[in-house]
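**Student:** From first to last, the protein sequence lines are chains A, B and C.
Residue numbering for the first sequence follows my numbering, starting at 7 and increasing by one per position.
Residue numbering for the second sequence follows my numbering, starting at 104 and increasing by one per position.
Residue numbering for the third sequence follows my numbering, starting at 77 and increasing by one per position.
Be a bit skeptical, because a hint or two may be false.
List of simulated lysine-lysine pairs, DSS-like, C-alpha gap at most 25 Å [stated by the list, open to error]: (1) Lys204/A with Lys198/B; (2) Lys207/B with Lys236/A; (3) Lys207/B with Lys102/A; (4) Lys198/B with Lys101/A; (5) Lys138/A with Lys198/B; (6) Lys198/B with Lys42/A.
FYI, nobody ran anything at the bench for these hints, they're computed from the structure.
What you are looking at is a predicted structure, and each value in this text was computed from that prediction instead of being measured.
One letter stands for each residue in the lines below.
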Amino acid sequence: MISVRDLRKHYQVHKRPPGLMAAFRSLIHRTYTTVKAVDGISFEIKPGERVGFLGPNGAGKTTTLKVLSGLLHPSGGEVMVDDHVPRHREDAFLKKIMLVMGQKQQLLWDLPPSETFELNRAIYDVSRAQFKQTLDELVTLLDLGDLIGKPARQLSLGERMKCELAAALIHRPKVLFLDEPTIGLDVSMQVTMRTFIKSYNERHGATLILTSHYMDDVAALCPRVIVIDKGQLSYDGGLDALVQRVRPEKRVVLRLEQAVDVARLAALGKVVTHDNATAVLQVPQEAVNTTVSRALSTLPVQDLTVENAPLEEVMSELFAETKARRETVSA
Amino acid sequence: MLRRYIRLLGVQLRASSLLAMQYRGDFLVEGLISLFGSATALAPLFIVFQREEMRIEGWGFGEALLVIGWFTLLQGVLEGAISPSLTGVVEHIRKGTLDFVLLKPADAQFLVSTTRFLPWRATNLLAALVIFVYAFHLLGRSPSPVGVLASLVLLATSVLLLYSLWILTVCAAFYVVKVDNLTYFFTSIFDAARWPAPVFRGTLSFVFTFVIPLAVMTTFPAQAMLGRLPWSSLVWAVVGSVLFAFISRRVWLHAIGHYTSASS
Amino acid sequence: MSMRGTLRAMPTLLRVGVSEAVAYRAEMFIWVLSTTMPFISMALWTAVARYAPVGRYTSADFVRYFLAAFVVRQMTGAWAAWMINYEVRQGTLAMRLLRPISPLWAYAAENLGAMPLRLVVVTPVAIAAVYLQGWSSVPQTVWGWAFFLVALFGGWLITFLVNVALGTLSLYMESSTKLMDVWFALFYVFSGYLYPVELFPPALKGLVDWLPFRYQVGLPVELMTNKHDFWTALTLLGAQWLWVGLLLLVSVVLWKRGLKRFAAFGG
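Pulled out of the complex, with its shape left as it was, chain A reads as follows:
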């Protein structure tokens, strides 16, 4: 469905040094540097897959999404989406895709979302019958109710994002690109969005690519992740496998009946945090069983769980790892 081979995207950026004299000098003569936003990425995505793009800010994730949706021309490499070349921007191609951007909106600001829906219906050539069916489904699943009748500027951020998502799906795209769709939303709204997106994918078989800094989004939605860092691919595979590779240690979370001396905890494993009521230990995979049984027998444990390291930590460790590797290569 989506095939990317050796994608590259470079920009010329004007360097603007501070200071008055430099500002005047730049009036006459400008210096440029090349920024390699994407520097040789390749991957394949099958129809109906849900893939997460992960990476630090400025890694090239949004750039890649924009190339896939035809908004940017690549500097090199080949990209195919459902047998179309995105940068040709054929009408048939554009009717199959959609890009939802968390920080920007396509809803008409002063009019109710229903007008935007109507506009999109006309632009995407959706039949009235199909439109009604889709709209009913969206209103029910996203619980839009009377939101669609109020001018967009009167809606809260969460309500707007729901309507934004609905507007994006009026034409039932086969491929959905989501660029940080849950940014700035409260926790319950994030859950609503995730549940909806997942069910949409399952119901209609749409292919999904999601970028997000909220690891909960990724964990809930994407069995497969592609990690991009400084324009290059550093991992492509299952999320669980990634966690295993980067931070194979498990975490043993203890809820204690009474305070315990740090030394006693340290004897069982590396202490991550501890206070009077809880303690978190980090232990290698192989040692989990022994640690658990020893904890249960020697400590006043009320409750015990075994978890993976939080994804945030896994990610920052991964990025640090790739950064160190890059630095040793260039050194």
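Following the hints, put chains B and C in place on chain A, whose structure we already have.
**Tutor:** Below, chains B and C without anything else, positioned relative to chain A:
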């Protein structure tokens, strides 16, 4: 294909009307202000023609009044139909929402040009008609039917020219980051269209005939109404405006190409 | 903030203002190109005066007048009204209010920061005027230069203060840009920018002396082209600075009251 775009135009017009009706109070105020603007725009003309027999380059008061009438009319089209939509493009580029326009399976130029109409600028049309009637009253005659027909053709070519000029201006926003004052720039240059073209000589005459054809937009229709426009000029106006539209389209496509290759 | 503190901060504010003005060269270019009206007027009025002078203005006089009008318009331009409207609407005014220095100083600094660049643009024009039309294109006496510079500064002050006053009204109503449009419509009629105010019919000439518009552009232009003797010039300067005083009072009062209202109703 054409039917689809006509349908889309209908949808856009509907959205614009809904928007305009939302701000009902504005409607009246804006209408009054544009009337006020049209009235004060006549001041320089009155100052120039203080003496009854005054003529500039063969144009008397009544005739110059016709030119200002056409200016008022076109200003209404410009500020009611063309500017509101196209200033939106600059906003889109600034906020990064132009991407949404480009994602849609319809021509981007069409979409951005039809987003917003300000219906209260129709007062300019009324003001123009009043000016025309008064001018012909002063001249002591009425325009010939052929003349009126020719001037309507020229209305179409003038609108096409104005639109193309604006597209060219807006394309500048693609290449430079901060162009806040495009409207002001355009209005300042367009202001020269108030005066009969023979006022401008030499380089300015060349510029205002071929580069920014203000002469064609206001002086030609006035001449047509007076029955003074040679047929060749009419033909040239039509050919020229089509050529301009073609050129502005190519520049637009180039600008979009630039946008999609160099932004992030 | 204390006056001393403000004065200490001004050089930096000004420096930043200049850097900002210089940073966007295309915008500057477009904006220079926007000041075409004096040249259009010049073409028009030289055509009118081609066969007979209008009042005491010959074609050559008109050339001098409108080149001077270009110079004066560049050096007295202000746009704070739109800035204030924009910031009130976007909510960024609240950010400015957090700083210990009044936003009005910041607006003034941004405005003045553009002046050096504008000076670079107008100097060739003034030189061209002298080259084409002789030394009477610029003040010919010491007091002439002194009065001209004072009138220039006064013209800028009036324009800036009107901007502040009308911009502040956006704290009371939704948007005051329409009021600026009305002001501009009147400006074009009465200021002497499109034609010398002398050319007004006698009935309206008196009115022009009482309105502030002429003191924004007309007076500096007239002083630059040596149109008045010493005593008339002094009287007109006095009238100009009376307007400056009045507008200063009005705009500061409106601003302070407006801010209270802004704080009461929230940004």
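**Student:** Does each hint hold? Answer for all of them.
**Tutor:** Here's how the hints hold up against the structure:
1. Lys204/A with Lys198/B: violated (29 Å)
2. Lys207/B with Lys236/A: violated (30 Å)
3. Lys207/B with Lys102/A: holds (10 Å)
4. Lys198/B with Lys101/A: holds (24 Å)
5. Lys138/A with Lys198/B: violated (32 Å)
6. Lys198/B with Lys42/A: This hinted pair holds, its Cα atoms lying about 23 Å apart.
In summary, the structure is inconsistent with hints 1, 2 and 5 from the numbered list given earlier, while agreeing with the others.
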